Amino acid sequence: MSKLTIPIGPQHPALKEPECFIITVDGERICEANMRLGYNHRGIEKRCEEITYIQSAYLIERVCGICSHSHSTAFIQAVEEIAGLEVPKRGLYIRTLFGELERIHSHLLWLGVAGHEIGFDTLLMYSWRDREIVMDILAMVSGNRVNYGMNSIGGVKRDISPEQADAILKAMDDLEERTKYYIELGLQETTLIKRLSGAGSISYEDATRLGAVGPTARASKVDQDVRRDDPYAAYAELEFNVITDDHNDVYGRTLVRLGELMESYKLVRQLIKNMPDGPIRKKGPRKIPAGEAISRYEAPRGEDVHYVKANGTDKAFRVKVRAPTLANLSAVSKMLEGDYLADVPIVIAAIDPCFSCTDRMAVRNIRGGATEMHNPGSLRNFSIDWYRRRGIDFTDLNKKLMKRLERV
Amino acid sequence: MANEEAIKKELEEKFDFLKDKIIIPRERRLFTEPVEIEDFLKAIEYAASKMDFDILTTITGLDEGESIVAIYHLARKDGTMLNLKSKTPKENPVMKTISNLFNGAVFYERELVDMLGVQMEGLPEGKRYPLPDDWPEGQYPLRKEWKREMLDAKP
Amino acid sequence: MAVQILEIIIFPGFLFLTVFAMIAEYLDRILYARFQNRKGPPWFQPFADFIKLVAKEDIVPECANPFVFKLMPILALASVITASFYIPMWDNKALFSFEGDIIVIVYLLTIPTISFFLGGWYSRSLYATIGAMRNLTQLFAYEVPLFLAILSPAILAHTWSLSEMTVFFNNHLWLLPFNIIGFAVALIALLGKLEKVPFDIPEAETEIVAGSFTEYSGRLLAFFRMAIDIEMVVGASLVAAVFLPFGLGLNPVLGFILYILKVVFVIFLLALLRSVFARLRIEQMMDFCWKYLAPAAFLQIVVCVILKGVLL
Chain A
1 MSKLTIPIGP QHPALKEPEC FIITVDGERI CEANMRLGYN HRGIEKRCEE ITYIQSAYLI
61 ERVCGICSHS HSTAFIQAVE EIAGLEVPKR GLYIRTLFGE LERIHSHLLW LGVAGHEIGF
121 DTLLMYSWRD REIVMDILAM VSGNRVNYGM NSIGGVKRDI SPEQADAILK AMDDLEERTK
181 YYIELGLQET TLIKRLSGAG SISYEDATRL GAVGPTARAS KVDQDVRRDD PYAAYAELEF
241 NVITDDHNDV YGRTLVRLGE LMESYKLVRQ LIKNMPDGPI RKKGPRKIPA GEAISRYEAP
301 RGEDVHYVKA NGTDKAFRVK VRAPTLANLS AVSKMLEGDY LADVPIVIAA IDPCFSCTDR
361 MAVRNIRGGA TEMHNPGSLR NFSIDWYRRR GIDFTDLNKK LMKRLERV
Chain B
409 MANEEAIKKE LEEKFDFLKD KIIIPRERRL FTEPVEIEDF LKAIEYAASK MDFDILTTIT
469 GLDEGESIVA IYHLARKDGT MLNLKSKTPK ENPVMKTISN LFNGAVFYER ELVDMLGVQM
529 EGLPEGKRYP LPDDWPEGQY PLRKEWKREM LDAKP
Chain C
564 MAVQILEIII FPGFLFLTVF AMIAEYLDRI LYARFQNRKG PPWFQPFADF IKLVAKEDIV
624 PECANPFVFK LMPILALASV ITASFYIPMW DNKALFSFEG DIIVIVYLLT IPTISFFLGG
684 WYSRSLYATI GAMRNLTQLF AYEVPLFLAI LSPAILAHTW SLSEMTVFFN NHLWLLPFNI
744 IGFAVALIAL LGKLEKVPFD IPEAETEIVA GSFTEYSGRL LAFFRMAIDI EMVVGASLVA
804 AVFLPFGLGL NPVLGFILYI LKVVFVIFLL ALLRSVFARL RIEQMMDFCW KYLAPAAFLQ
864 IVVCVILKGV LL
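Chains as they are written, first to last, in the working numbering: chain A, 1 to 408; chain B, 409 to 563; chain C, 564 to 875.
Among the hints, erroneous ones may be present.
[Claimed, not checked] Straight-line Cα separation of at most 20 Å, PhoX-like style, residue types lysine-lysine; simulated pairs:
(1) B:450 to B:429
(2) A:315 to B:552
(3) A:46 to B:498
(4) B:427 to A:46
(5) A:221 to A:89
(6) A:334 to A:46
(7) A:221 to B:552
(8) B:498 to B:485
(9) B:429 to A:315
(10) A:334 to B:498
(11) A:157 to A:89
(12) A:46 to B:458
(13) B:427 to B:458
(14) C:615 to A:194
If you're looking for bench data, these hints aren't it; they were derived computationally from the structure. Note that the structure is predicted; figures quoted are calculated from it, not measured.
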């Protein structure tokens, strides 16, 4: 059979977000894999130069739906570093706690997606059922399931009450028990092992050469974890192991993530137990003095890097976001070569890709042939209009908001 | 901070052009002042091969008015970050690829090409990133003079 | 003649099979959902799906061969229904039977897979082409074990007619446990035939969208789905008739209830199997079928031949 070129994406059931992988196959074997990224570019970096730091913190949180806390923490850390703000201990602990809860929900999400990609829907249903436990905890403490809005410059916004702490500890017990079951499953279930081992193999040398990060790298025995190497928030005071594995393939990545889940439960317990009393935030300045800082954060998917340059005003001069997926994508092409077509979805999924993070544009609305360009303001008006046509009026609220904005 | 001082000293001894141009804002962080591209290439090669800075976390492009500055954020296993800067005039921004040193740098360099209009010498052929294929030519969104309205204007 | 036509069209023919197949699909889905700790669809979901699909527009891709493209769903549907006429369901006698009908049944049950292949191949879409190739590859993997597993009881019964086989086993009920390997092989091969997890490789959603069915929509897709549903019922009835033929020919009502129970039991096993496995890769499936499944089926034949020599 001659070679076929198959587009996986921009719209494809295996990808939850629009990206295009162009796969050339010879029968079932992949000879070449190319990719086209950028479908999700939203111009967040540019926008951050036009709005204040406080507004940016909210915008940056929306870089990604899953690791929202990672991005906002990374950004705020950089801003705090430039401003020279000492964040109160309790604030740091709560920040870290959210980071770990986010990791738990992200890894459980990944486990389900991985199950779905290899046609093991039962695993998807089970792990997403269990993910609800941590989602409920997040909703209970922050009021939101995703995009928690916990971070602010100088600390966090909400405190944790003793009752909430108890509920978190109880949830950790439940989750730990379930995770043990998944680990057992991962070690025993034949079809699962058959499908995962050998897929998307990448050696230690290639993983370091191509700059892979996070669980993807750690499954190839690359011993790096920003939480330990370059500690931030409360990590310097906590005890945990960095999980590595030498399977080099998707199976190894699964084991690493499952192991990290267990470590996260441990970390959450330590955080609750050792949480100091005191204030949760210190008021930050509106204007940030000139300077630059780079902040690293170990997001569930790998190392998240934010660079901020301030010029003494209340707006950033430059914000740069490097999401972990971009670092891992170079490795994906390498992983896919020589693999089976059937492995494409799981290999791509195994880096836990988050393309929204990766690409960060003005919104285009193509209707009736004409391309309308929306800026955030007109987009807001568009949504108000949309709701009004459906009988929900925001005019009064809108006026109030406008007045307040004018005052500012 | 002894570790950081040692790195600073080693770099300053090795490269004249880096003398008094290295700042240590805090533990595990080193920033340099922007240097010319030829000098920069020497420094980055040295740092990558001799000083174990073998992780390129990302490249940040900055529009500094007169010149375009690129910051190469290098990291070491022990968590130390060395931020090397190179600069090029904005009228004719030309840089050289470092993808021979760091294979993973290609995406970050493409981003510089698309967002700031830098000409990257030696960059391997490939699809652009991250802007769409029908993006108007000569518009570079991260340059300071670029405004959203410029997109609506007909060429 | 008139009675026969009525039988073909209404009971136990086309109309009954259609309704039963939908109920079977519902059962399969709800069981699968319950195994996964989900609520599952309401009872009318398969009917609603069918009505919705039938009401939609048929789209034939520009590059596709319209004749083949439209013919294939109908061919698949026709062949599975025809196959059902030769399977004794609740009586010792099928609607039609002759010496050698077991071959015809297996042959007729192969046609749907071939029609998926042709339908996919002629729709000329990339995903459908790959799905079609996989259909065919998979056919070669499961068909032989399935065939061997079903033939071995026939060797024991010394007949090529399914109806006569059930008569034989009803007289020698103690022989049934010896066919257990064949039963297991047939069940697994049936999963391959029905393209269900772990053998849903030809329509692996996350890899090739919907495989052969990618370009199908509206009525044509509804027919395909109906064909798969009926294939499930007919496959389950075949397995029930070959390996669980007890209680046939006693009493029509009791026989009917027993038949339904048997089919539901087979569907239960199928749903259970597909909820505990991950999808295999095509080459892993070939491996599994030829390394384990086919030898197991051969073992069954050996068991049957020895039994026949020693005991009968």
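Each hint, compared with the structure:
1. B:450 to B:429: Holds, at about 16 Å.
2. A:315 to B:552: It holds: about 13 Å lies between the C-alpha atoms, which stays within 20 Å.
3. A:46 to B:498: holds (18 Å)
4. B:427 to A:46: Between residue 427 of chain B and residue 46 of chain A the Cα gap is close to 33 Å, so the pair fails against 20 Å, i.e. violated.
5. A:221 to A:89: violated (33 Å)
6. A:334 to A:46: Answer violated: residue 334 of chain A to residue 46 of chain A is near 32 Å, above 20 Å.
7. A:221 to B:552: Outside the cut-off at roughly 42 Å; violated.
8. B:498 to B:485: violated (34 Å)
9. B:429 to A:315: violated (26 Å)
10. A:334 to B:498: Distance of about 35 Å is beyond 20 Å: violated.
11. A:157 to A:89: Holds. Residue 157 of chain A to residue 89 of chain A sits at ~14 Å (cutoff 20 Å).
12. A:46 to B:458: violated (36 Å)
13. B:427 to B:458: holds (19 Å)
14. C:615 to A:194: Not satisfied, since the Cα-Cα distance of roughly 38 Å exceeds 20 Å.
Checked against the numbered hints listed earlier, the structure breaks hints 4, 5, 6, 7, 8, 9, 10, 12 and 14; every other hint is satisfied.
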